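Please assemble the complex out of the two chains, which come individually in their own frames, going by the hints.
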Amino acid sequence: MTQTETAPQSQATSHSSHPTAWKWYDYFTFNVDHKVIGIQYLVTSFVFYLIGGLMAVAMRAELYTPDSDLLDPNLYNAFLTNHGTIMIFFWVVPAAIGGFGNYLIPLMIGARDMAFPKLNAIAFWLVPPAGALLLGSFFFGGAQSGWTSYPPLSLITANTAQSMWILSIILVGTSSILGSVNFIITIFKMRVPSMRWDQMPLFCWAILATSILALFSTPVLAAGLTLLLFDINFGTSFFRPDAGGNVVVYQHLFWFYSHPAVYLMILPIFGIMSEVVPVHARKPIFGYKAIAYSSLAICIVGLFVWVHHMFTSGTPPWMRMFFTISTLIVAVPTGVKIFSWVATLWQGKIRYTSAMLFAIGLLGMFVLGGLSGVTLGTAPFDIHVHDTYYIVAHFHYVLFGGSVFGLYAGMYHWFPKITGRMYNETWGKVHFVLTFIGANLTFLPMHSLGLQGMPRRVAMYDPQFTAINQLCTFGAILLGFSVVPFAVNLIWSWMYGPKVGDNPWDALTLEWTTSSPPEIENWEVLPVLTHGPYAYGMNGRNGKGLNPSAPTSGEPAVEAK
Amino acid sequence: MENEKVPTTIITLTAGVVITLVSLWVGQNHGLMPEQASEQAPLVDDFFDVMMTIGTALFLVVEGAIVIAMIRFRRREGDDTDAEPIIGNLPLEAFWTAIPAIIVIGLGIYSVEVYRDMGGFEPAHHLVAKADTPAHIASMPGSAIAAPLVADAEGMESDEAAASKGAKYGFGAAPQREGQAADLVVNVTGLQFAWIFNYADSGVVAGELHVPVGKDVQLNLSAQDVIHSFWVPQFRLKQDAIPGQPTELRFVATKPGTYPVVCAELCGGYHGAMRTQLIVHTQEEYEAWFEEHQIAQQQNPNQTVAVNPADLSESEFLEPYTTKLGVDEKTLTQLHSMHES
Ligand code: HEM
Ligand SMILES: [Cu+2]
Ligand SMILES: [Cu+2]
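Residue numbers (full-length UniProt numbering), protein chains in the order written: chain A, 1 to 561; chain B, 1 to 341.
In isolation and in its complexed conformation, chain B is listed as follows (with noise of 0.2 Å):
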């Protein structure tokens, strides 16, 4: 063979610093993630890529050998004989079987080490430690925002608090912020087909999610028909939201923007529309936002119907989010029918 005159080792160096030069360049450069808007973000994007470098080497090893063993290796015209027989190679299968196997070992740990970092181990704490203490919103630092919160939480026991009691899944503080209560808490509802956003103690209900940039943001989600999933892609969150477990999912965003807010559990047939905004604003426009909506939610009654929309049909509900949702008449209709059959 025309290359046994350069040492095999040689070519094995060069095969491998190429390999592992492509493998880290590749890990860095995918450009597969979309744009990174929250804190938890960059922690996933960040394993992501280390995954991408250790997949591309071992890809390109595989798929190398295959390739080059069907090139070299294929028959030749004329020879009908059998090839050399090996039928094993005790130190080269106990070395494919430990590589792989401290590769994902040391995923593992760091898996661990991303999830604790997301906030992932905290709602569990949540249960011991707040279980007692149901209007902990009542207590977090006086922002201006939340005034409005505090002003309603006191007295009596909030809706969003009795869920955050029993909310022992998703994702809690990040360790930094452990056992502080988050600055924003807002209640989600998934229904077929839409999401609500009540924050809860103003009485402002949207069917987009509107947040500050910089806080320490907390929803409280529960389901009412069937489960929903609630995905922020630029936020790599999603937590599902299933009827009678209340369940939990904390951020900070991190950039002024609108995002997709996506329901990534089948829900029926219109799953695939239960699309909605989240927007991130600055603190003042924020501030503006808010407010504009609390007085107009007090000027027309009507609207603060839709807090309870068990008492609603389903296209009554859905009517004041028609628009923003993409759901047009004719789908309303359609949905009547279905329920009603």
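Okay, chain A solo, but in the shape it has when bound (with noise of 0.2 Å):
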């Protein structure tokens, strides 16, 4: 990589007045703006996030005790369902990939839109709709058979809400599949000619591996649904097992799709920790090609790992010890990339801002996570905990320490850039310090409970693990009440926070090259590349006109340089 300074063009303007700047309205209109698209979708998983929240806080209550007293088991069952199925697909996924995707790419590449702005447009308004229905099915006693709504349970069990599930996954797939196609094009055609593929940030590479796979597997994703809802609609029995079908197909068709779409999740947020991390390390990111590489290396191992959710199925031995090494075999790219983030850490001079404490948050649970994933991956032993407490633990660790922190971990450090306001760290560090004591007091006793013998999806359990299940319900009420100082932060920030300048971190990729917030269209003169994105502390660069105390402080940060 080539480091000389910034190129000054962008600094010709000046961040105070903008003729041409949105107002509040044009947030609810068909904008074709990215940036607009992104707080669209920002805003809009975000409160998808509060109501599946809400979702777990209500089963977490139920759980409080080991008797089905609080909410009836039907019930119980639509809200974990809907649980999943928002937190998933209304919330890590838009938050991840429509939110900061469309908000970043464009302003990463030195790009002034998406290739499709229009197709970009309508790919987030086929959110809402879809959302819409699947709450809609509630009014229809809800989808009760869980994310997966293996047949034959799905089926039988509410079958207009189990439709209506159905078309809102389709309808979010088609979202992200005209996201993807447009993602690809733009990473591919529309970078600044200056920028090699060796200097593009990090997140980019994370989208664009994310978006590769995303319009592999959501096509297949909404066959397999489509034939379930012609087995509920229409008479047929792709899935019927009393009229010839097979039940351990849908279990494949799903898998084969739905595994991978594990890591359309992770994958982003492994793009926001890597621009995170060096920007408040004040030092570059270790091992750019390492982490460039595997998020491929993930994605294509990802693609043969789907049987270890069906160790206990239909399964003959030889497929169960194939999947055994195959799955432990990811293990290796993802540890890759923990090693080069704490190396990044090492030797540098941490910030300790909001941004930073939830990155390394992430770290830290995201290493737990990952290793009880590798004792998953073995056959022998997932057999005794899959469908367990044990797996509730896991993939919270991974999706609510790996995705959720993440995803704070970027509003926080794109927050000064997306509204040109500094939010109070004070309240961000509140705000960190309850959500990581919840989630640590929600998921790890969960663990245990699973290797004892509580399964999974119940409503009702075995008194004996009752002290345990009112640990985990304290944490969730903590966790519940962390999203207070966020939010409140975070609003109250937007309208009044500090002003800051155009890039408060000092931080080196192209978006921080623009005024904050970025005016339509982005930069005057579009920026030219002229060293890395993670030249930190590199030919003679050395913190120049960082200033970290003064967002705090009330103080704008130092304009330009």
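Derived from the structure by calculation, the hints contain no laboratory data.
Being a predicted model, the structure only gives us computed values, none of them experimental.
One or more hints might be untrue.
[What the hints assert, rightly or not] Covered by chain A, according to a simulated footprint, are these stretches of chain B (three or more residues, beta-carbon under 8 Å):
| id | segment |
| --- | --- |
| 1 | 62–73 |
| 2 | 211–221 |
| 3 | 264–274 |
The beta carbon of each residue, even a glycine, is placed where N, CA and C say it ideally should be.
Laid out in structure tokens, this is it:
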């Protein structure tokens, strides 16, 4: 990578007055600006996060006692199904790919917009109706067969609600296919001419890998669900065992495409990590190539591990063994990323901003989630804990500790860019502490529950597990409250927070070279890339203009250099 | 820095020794698993202990590195400069790619070994070896309990033999018993929300599973409505009961006692209530129980109707089991109305 100072063109514009800036009501219209769409995605997904979170707290409240005394068991299952579905398809994926992806990709590669702005808007506007369908299904009893919707259960319970659930997933799936096409073309065609592949920020690599994966996997998930829809409504019998259908085939179809979908959630978060950590540690990312290539390796190996979700099902012995080995192998590229981030911290000059705290919190939790993941990859052990709370513990360490911490880190990191204002660090830290304690209190004890014999997806359980469940419920309530400082802080700061300059973190990726918030069309004159994205401390650079204490004190950070 | 007086190799060495000792201790003393009651349980637990040892070591090293970095490499007051840029280190990267690779390959090989010892490779053989001998239970060693089964199995192809013919999924005989028939065969049917244990040819039907200690037991699992999953945590064994797809589970119980049988696959609203018990008896106790039930069921022909639960409505069918299942009258009515709708 070559490094000299950032090209000065962008600083010609001042951030104070933009006659062409968007008004608040533009965010409620069919706007084609990628930044507006990114914010639309972020806000929408955050609303869904709150709804999914309320469902989770309701479930945990039910599990405070062993009996099913708070929620009707069928309602519990409807909450369970919709919690999982919302968190995956309406929170992590739209926030990470739709929100951060749309907002940042053109800015990071020096483009004025996405390749197909109208398509981009269409992709977003598919999400609200999909969400309405999903929530509307509650008027018909709510889909109850879990986010996996295995037949025959999904064929015999709450048929209308189940059909609405399927249509909702197909709609968000369509949205994510449209988005993926757009990202791939944008990244390939619209980078500033001066940006080589190996100078592209790692977040762009992650979104590229994710989009390719989504393009391959989502259509066929939709196909599998369509067959299920036909079975429910039109008398076909692909998965009806009493009419010659095979229920295990559905599981193969579902997981062949849904296991890679798990990487759809985590890869963009890995991308966010690779942006946040170097900036706040003031050090170049360690092992740029290793991180970029390991994303691709995870994509490829990830296509051959799906049967580890089916070890106790109709799975012949050779498959159990083959998929044990392939699953274990995915741990290697994942480990490479973890080690690279730790090495980036090592000998850095770590700024404890809220963004950095969440990034380090992610590292801490993801290590445990990854280690329990390795144990689950081995068939003989997985057979004991499959479909138990050990699994629930594992995937929440990965999804809450990984995805949610990563999204929070991203929100704090890019908040000053998006709004032009600084959030309050003290409340950010309160948010972090509550979230970190809450998440560990909720999910750590669940490992033991599962190993001892508590199955998952139950509204009632053996009374011997009461004490540990109550601990988890306390944790969940704490997690519920932890959202308050976050939401209040960001909303208040968005309106009244101290104004900051274009680049309060003194970061080196291109999005920081435009004004905050960026003007329409991003730059008056497109930037010219003169150094790599992570050239901290290189070529005589030495934290010039960095003033991290300024934002908290209400002073604007140093403006243009 | 203060510790520069002590050579870093010594610090690293000490840390390594401490981490190794702690990990070994945790691996042996985590106490996370429930008691062991089958021949498979110690195999799984030993494997888990190894993973706990390795996992603890990795956890301590990585989390330790994070915590040390957080403390040692925090920004000092007034220092607004960038850190020394280090962008890569090939030997180091090769090292931390190779170490996890070796660990996971080692675990992979070990897990194949454990899986084989548990009898995981056996059910596939079934298809080939036993397909032409449907009444293979007839050939089992003449133990006392087996007698009633043998008598009835002769002549016609019995249910469980037919089931085991197709069962190519699940756990079969452990390697040392390969090719031998099980001592006791029980047909297990999962249905919303109960397990029915059918000691096929002897006519004994029960809502709880009773088996003798130390005997090789084979369960032929099937499901009537949706997928259920048969799990005994103390046995470390689990296998889905899949509609239209017979599966099997073979085990030797090693310790008399009462253990929970849990349904682990979401099977509807009352999935959580689909619990029963597995009672491991001594041989004498088992025979006494078996005899008692055989007589009782002959005297009460109503009970034998339960052999074909399909003819009964759900609540009618579940009635005899309600107390054992912990499902009360109210639940049953709800169940009933749920299915009507
Ligand atoms: C407030 C934080 C959260 C709490 C208290 C919570 C709690 C729960 C509970 C109690 C279950 C039911 C477990 C079971 O019986 O299988 C569950 C399931 C699930 N959760 Fe969460 N959760 C939280 C956040 C998340 C997040 C952030 C995600 C994803 C990004 C997530 C994804 C899932 C999924 C996929 C399921 C499985 C649903 C299914 O089995 O169909 N959860 N969660
Ligand atoms: Cu069940
Ligand atoms: Cu169940």
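Now the hints, each set against the structure:
no. : hint    : in the structure
1   : 62–73   : holds (count 7)
2   : 211–221 : violated (count 0)
3   : 264–274 : holds (count 10)
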